[in-house]
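K.L.:
Kindly generate the complete structure, drawing on both the sequences and the hints.
Protein chains in written order, with the numbering used here: chain A, 1 to 128; chain B, 1 to 408.
To give an idea of the interface, some chain B residues facing chain A are shown, with a C-beta separation under 10 Å as derived from the structure:
#1 19
#2 87
#3 89
#4 90
#5 123
#6 126
#7 127
#8 128
#9 129
#10 401
#11 407
The calculated label-pair distances, taken between Cβ atoms and stated as ranges, are:
#12 B:225 <-> A:14: 51 to 57 Å
#13 A:54 <-> B:316: 52 to 58 Å
#14 B:299 <-> A:13: 54 to 60 Å
Please keep in mind that the hints were generated in silico from the structure rather than gathered at the bench.
Owing to the predicted nature of the structure, the values given are computational and were not obtained by experimental measurement.
In this text, a Cβ means the ideal position worked out from N, Cα and C, and glycines have one as well.
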Amino acid sequence: MITEILGSVTCGFPSPGLEHREEPLDFNQLLFRHPSSTYCLRASGDSMEPLIYPGDILITDRSLRPRDGDVIIAEVDGMFTAKRIMIKDSSISLVPENPSYMPVPIVGELISFGVVTGIVRQFRRSNG
Amino acid sequence: MMGLADCNSFYASCEKLFRPDLRDKPVVVLSNNDGCIVALTSEAKALGFERGATYAECRAQLETSGVTVFSSNYALYQDISDRTMNILRHFALHVEPYSIDESFFTVPVKMDYPDYAMRLHNTLKRMTGLMISVGVARTKTLAKIANHIAKKNGGAHCILPETESEVLKNTPIGDVWGVGHRLNKTMLHCGISTAWDLTQRSDAWIRRMFSVTGLRTACELRGQICIDEENPVRQSFTSGISFEKKISTIDDLECTISCHCEVLSRKLVNRGLAASFISVQILTDRFKDDFYFGNSSRALEQPASYAPALFRSAKAVLLTIFREGLEYKTSRVSVFGLSKLACRQFSLFDSQNEVSRLEKEDRFARFSVCQPELTCLSSGLLRKGNLLRHCHLSPHYTTRWSELPSVW
Numbered sequence: 001m002i003t004e005i006l007g008s009v010t011c012g013f014p015s016p017g018l019e020h021r022e023e024p025l026d027f028n029q030l031l032f033r034h035p036s037s038t039y040c041l042r043a044s045g046d047s048m049e050p051l052i053y054p055g056d057i058l059i060t061d062r063s064l065r066p067r068d069g070d071v072i073i074a075e076v077d078g079m080f081t082a083k084r085i086m087i088k089d090s091s092i093s094l095v096p097e098n099p100s101y102m103p104v105p106i107v108g109e110l111i112s113f114g115v116v117t118g119i120v121r122q123f124r125r126s127n128g
Numbered sequence: 001m002m003g004l005a006d007c008n009s010f011y012a013s014c015e016k017l018f019r020p021d022l023r024d025k026p027v028v029v030l031s032n033n034d035g036c037i038v039a040l041t042s043e044a045k046a047l048g049f050e051r052g053a054t055y056a057e058c059r060a061q062l063e064t065s066g067v068t069v070f071s072s073n074y075a076l077y078q079d080i081s082d083r084t085m086n087i088l089r090h091f092a093l094h095v096e097p098y099s100i101d102e103s104f105f106t107v108p109v110k111m112d113y114p115d116y117a118m119r120l121h122n123t124l125k126r127m128t129g130l131m132i133s134v135g136v137a138r139t140k141t142l143a144k145i146a147n148h149i150a151k152k153n154g155g156a157h158c159i160l161p162e163t164e165s166e167v168l169k170n171t172p173i174g175d176v177w178g179v180g181h182r183l184n185k186t187m188l189h190c191g192i193s194t195a196w197d198l199t200q201r202s203d204a205w206i207r208r209m210f211s212v213t214g215l216r217t218a219c220e221l222r223g224q225i226c227i228d229e230e231n232p233v234r235q236s237f238t239s240g241i242s243f244e245k246k247i248s249t250i251d252d253l254e255c256t257i258s259c260h261c262e263v264l265s266r267k268l269v270n271r272g273l274a275a276s277f278i279s280v281q282i283l284t285d286r287f288k289d290d291f292y293f294g295n296s297s298r299a300l301e302q303p304a305s306y307a308p309a310l311f312r313s314a315k316a317v318l319l320t321i322f323r324e325g326l327e328y329k330t331s332r333v334s335v336f337g338l339s340k341l342a343c344r345q346f347s348l349f350d351s352q353n354e355v356s357r358l359e360k361e362d363r364f365a366r367f368s369v370c371q372p373e374l375t376c377l378s379s380g381l382l383r384k385g386n387l388l389r390h391c392h393l394s395p396h397y398t399t400r401w402s403e404l405p406s407v408w
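P.N.:
Put into structure tokens, the structure is as follows:
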């Protein structure tokens, strides 16, 4: 007797890798440790060269407390500025990387927007 | 214990977040279409400006007092709101967003509540850059009162059970959550002037006088949790606009109606809903003697979320309420009878063509949600900026690569 079966049959071996499939690399996971308190800011000016160039995107985490040597975003004279923070005893100064600029001593309270945790620099910019 | 986190002058604070030059400066935010003031910082309040004042009236005064004015930038506010709620979720249980700038939550475990409230306030301030008042108490209604107190002193306040009666005696009944202007009047008339007075009446009396909602408020004030609904399911959506220049022709009104239909369509599609009924309202200046309020509604041929389908019906409604020779100031469109689009039932007599047309429309509606530039020709006039104003719009700092804040 011949029984007719209708339907599709998958040919070939099932992939042995299927069970071991992992998620592709996710830059959000790498760059945004605390997504809800992390902001992107755009650099301009040359005071932080050769560390930061104009057009770089600064990934800034508000939830971190600035520590000696961190690059932070501070509010100075009503503007955001990226500088390295140097804490010696009780005096705080904001130090530019570029030697042609002078460090800015902080008198009174330091207003910090957040700590820069990374930069994104594109050689060929396709967006923004 | 329940908590309420509420952001102080939220819209204005969001605008200041990326404008260090505006620290301690007066700022106001205008409503949709730059109609009136909807949010202002304490500095602007100190100058005598008030919520609800129309922009046209106080424009000159704002300029001379050096107040920075913003149009509402909802993309920014919603992003900051989402971030804030997510941060709150790290420190609290069952976070229930109540509005764009306030959230109820449950305090995790038994702990030093006043200390928890203060620490939460400080942490939220550091991580969001916003002033967020934290109120903690046994029920949501009491947490509202705690939050009210927190706003006035220090940003955090906890009402412990043993201090409740003292606090309630000092809380005017009109300040209680759920007691609106009218209910306040009735309560005062019945001799209830403080929250404490209400808690002392019998349940039967309260229920008879103020229905079950009044009783619920009383129980909450006594420390029994009664208000537990998560956000209720939306029954309707409305889109409205007040025009800069008065409109007298039906063509111009149609443009505004079409624009509303697009807004509503996006709202429906984003939630996977379809509307069964649509209503249109057109109003002239309500302070004039010949005030006219045209209002009518009708059922849609089929539950829909597709903007042109909404517009077809809205246009027909508009024709029935439009009166020649009047100067219209406001138009509104509402959709209601909302149901899940997936559960739509086709009628027995729908042809196959009709069914596939509706499916195409659904697909197009879903597609157009991601394409803000895609718009109905019928609303073209609005897009040209003839009617819709947002002259003081700030950048989308957190949602567009091209509009990131600058650092020097």
